[in-house]
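Trainee: Here is how the chains run, residue by residue.
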Amino acid sequence: MNAFTEAWEALLLPLLAIVGALLLFGLFVALAGHNALDVWALLFMGAFGDAFSLQNTLLRAAPLMLTALCVALPARAGLTVIGGEGALLMGALACASVPYLWQPPAGWPGLAVLLAASALAGAAWIALAGYLRQYRGVNETISSLLLAYVAVNVFKHLVEGPLRDPSSLNKPSTLALDDSWLMGPIGGYDVHWGLVWGVGACIAAALWLSRTTHGFATRVVGGNARAASLVGLPAHRLVIVACCLGGAAAGLAGGIEIAAVHTAANASVIAGLGYTGILVSFAARHHPLAIIPVAILLGGFAAAGSMLQRRLGLPDASVQVLLGFVFVLILCAEAARGRLRWQDLRAWWSPSAQALAGRA
Amino acid sequence: MMDIDTIGSVLLAILAGAIRVGTPFLFVSLGECLTEKAGRINLGLEGVLVISAMSAFGVSYLSGSAWLGVLAGAGSGALLALLHGLASSLRRVNDIAMGIAIMMLGVGLAFYLGKPLIQPQAPTLGSWSLGFWSDSPQLRSALEVNSLFPIGVALAFLMSWAFANTRWGLVVRMVGDSSDAARALGTSVTGVRTLATTAGGAIAGLGGASLSLYYPGSWNEGLSSGQGLIAVALVIFARWRPVACLGAALLFGGAGALGPALQSVGITGYYYLFNAVPYVLTLVILVLTCSPHRVLRGAPSELGVGR
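Sequence lines, in order, name chains F and P. Whatever position you read off the first sequence (first residue = 1), add 136 for the working numbering. Whatever position you read off the second sequence (first residue = 1), add 678 for the working numbering.
For reference, chain P alone in the conformation it holds in the complex:
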């Protein structure tokens, strides 16, 4: 039977995992939030996540600087998302279908170009020791925080503020809520959407960099299995609010850490079933938040997925 110490260490591992595993979720959901606020959905962020993880790792390996890798991750994510933005601006091109295509292309390109990167070790990102006040070594190691995580937290609050208070934020929301109104004011709808998609890809690219440069901190072909997609669903759960994305990402990080945490205390028989927990949880949350009878509160009106 499990004793108190074991339960405590599992809970601590889940807390640590919430931040460690949740960081990629945070960035991808913020990126998707920005894209969707402008009225487009980018399912291709799964591909963006994988290709940015690969390029971040590659550049960090070649240059010896993890932060250059982070920049490369954001850049490559932006490029792939730009392709989605431009292609979805074409007439009769469906953004959901294009997202699936971008997902496949991004994953293919990353696996192709990342083949030589599977073996080597690259410099990884440092961490912030937020557990300095504690005497417990377990708590200290649990609070070793990915140095990208504070950037993500700041970004969530910044985006939340910008959507409400800046000209750019209002333009993005207007384009997402009524393309007619935007056109009447002389705003280029496709231009804003393409820019928002590209910027969203850059933000999601930071999540990829966090995967390959912090946790797990290496590049391989199994690095992401649907985290990008879960993040898309998280945005619906967070009702398109950036700060709520932060909470949702932490919740899912915790769920994702459940399997490894239980494994570390010797419960191993259900490894794959625990791996399935985040997906099931996402589905359950979608079932609970969505409704066939009304448009979700907070959903950009031009968006197809909120209905």
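Isolated chain F, as found in the complex:
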């Protein structure tokens, strides 16, 4: 198969899957008595219709890029890690709790300390799943998800218990971060610097995988672990480093959610961003650069969800249904890989075109 066909398929198959999922979703809401055309129109208007919704979309896409990396990087090393939500919560918790232990300097150095703490916490959380897989033989898909549930409970325990700000009555929160540490908007827009972090992390990850020896070695381990150990690559270490990098990205997403959006750790951080990141990464076929547009598209659907709820009275879970359809179809589309050949399509198209021409 040549490179052109491969690239063409890599773009076409996920697109077809997303179109198919939108059709299925339309059918689903139509069965529930809504107008499918209205729903489709609102999905796109709510996501990309005007400057306000576009900014909202980008706001939601930023953390998705980072949580998707938490799936993509271990995936390139051969692991299916789906506990990015846990790393995100640990990152958020670390960001909010550093000031309890030690007062970081004001301004951006303080922010840098907070974000570093978030990334470290996330890295440690996913590295644990990688370690258990490599050294103890524990399936990383199950362990990372179990760790995510543990993280939710640890998060709630600390936020509602020892770290609780006594003045947060209705919604238990930690103490709010100092204003000088907060991550501001870019220029005069609503979009904060987290977007730059997300895009930057995706580009850095792509460069690491394609341009560095270490990234190449990681891909060899992911492609064939036996071959990798035969040529003497330190497979265990490479896998765990990939898990650390992915976990650091998700942890950073948690830190940014605190520093740019919520200013303190509370239940609003538990929004399933880690789980949507899984879908983003699979749809991007675990390619860091492809994660950027996919995160924007799926972040857009998520942003449009509140519009569907307000304007058409659909339940808030409707976006979840749409994303579920997308996920199932994206995976099914893999079955068509290598079967859709450009030549076949042309051969199929040209006789019918000739027949049409002949009839005319």
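Simulated from the structure, these hints should not be mistaken for laboratory data. All figures in this text were calculated on a predicted structure; none of them were measured in a lab. C-beta: ideal position from N, C-alpha, C; glycine also. Among the clues, some could well be false.
Every beta carbon over 10 Å from chain F, so not counted as near; a handful from chain P, in silico [unchecked claim]: (1) 865; (2) 896; (3) 919.
Below, simulated DSBU-like cross-link-like pairs (lysine-lysine); rule was C-alpha separation at most 30 Å, straight line [stated by the list, open to error]: (4) 307(F) x 292(F); (5) 307(F) x 793(P); (6) 793(P) x 292(F).
Given the coordinates of chain F, assemble chain P onto it according to the supplied hints.
Mentor: For chain P alone, kept in the frame of chain F given last:
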């Protein structure tokens, strides 16, 4: 300080909880056991659990009969698992990834369709009073047993017997242990796997019905948080033996009941940490049972997760 009575009532609450909380674990792990014996893993049983809980509750509410609800739970669980079975039969489709997708789709569908069911009360399942011989009211209430639980116990023994002694059981195990051997005998590997996954979904659906129709006995979006997934890990712990699944489910039911039991005697500060106990326990058990150097004893050879 805790006195003897308090400790006794905590232990009793854990015993009662082992059965009450353990019943969903039992059904999901039996369903997963059947699926995995045929050589597939279905992580989507978490989604199956949620959607079957929702449909069981919905049908019980609309029809007024809890047992019709149980049937609906099994049916909807089977349908979602059938989707997993068919999709995973496609070429190049990974069953673990598809399981994650089915988990998300199932939870989304259940939350969407279950929105109007959050308020109402539906008829729930009755219980069996196994504590009739005792004078202690506490023991009596602890032994009020979910009427689905005996079905689960019977099913565990039935499955154990069927895997060893029936044609169907042997076919399922053959497909799970060597797809080449199965093909050589003219058995349809994907057919058997799809059927086993579907039947596993129906069994797991009974667990969902137990959640929404017995304990906690209502429908809301926080009904299941990873019980379906824990059950998948339980099957590894039980070494793919249905009767061992029963023991594992009771153990985890007890662990899950620890938090509420301590809360009822006034220990409340660590509520969330006690909630985390079943997950940590699962992890610890996985660490203790798995090994990177050998395939687990009893693991179906075609299965990716046992290695």
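Trainee: Now, for every hint given, state plainly whether the structure supports it.
Mentor: Results for each hint:
| no. | hint | in the structure |
| --- | --- | --- |
| 1 | 865 | holds (22 Å) |
| 2 | 896 | holds (18 Å) |
| 3 | 919 | holds (19 Å) |
| 4 | 307(F) x 292(F) | holds (12 Å) |
| 5 | 307(F) x 793(P) | holds (24 Å) |
| 6 | 793(P) x 292(F) | holds (25 Å) |
The structure is consistent with each of the numbered hints, conforming to all of them.
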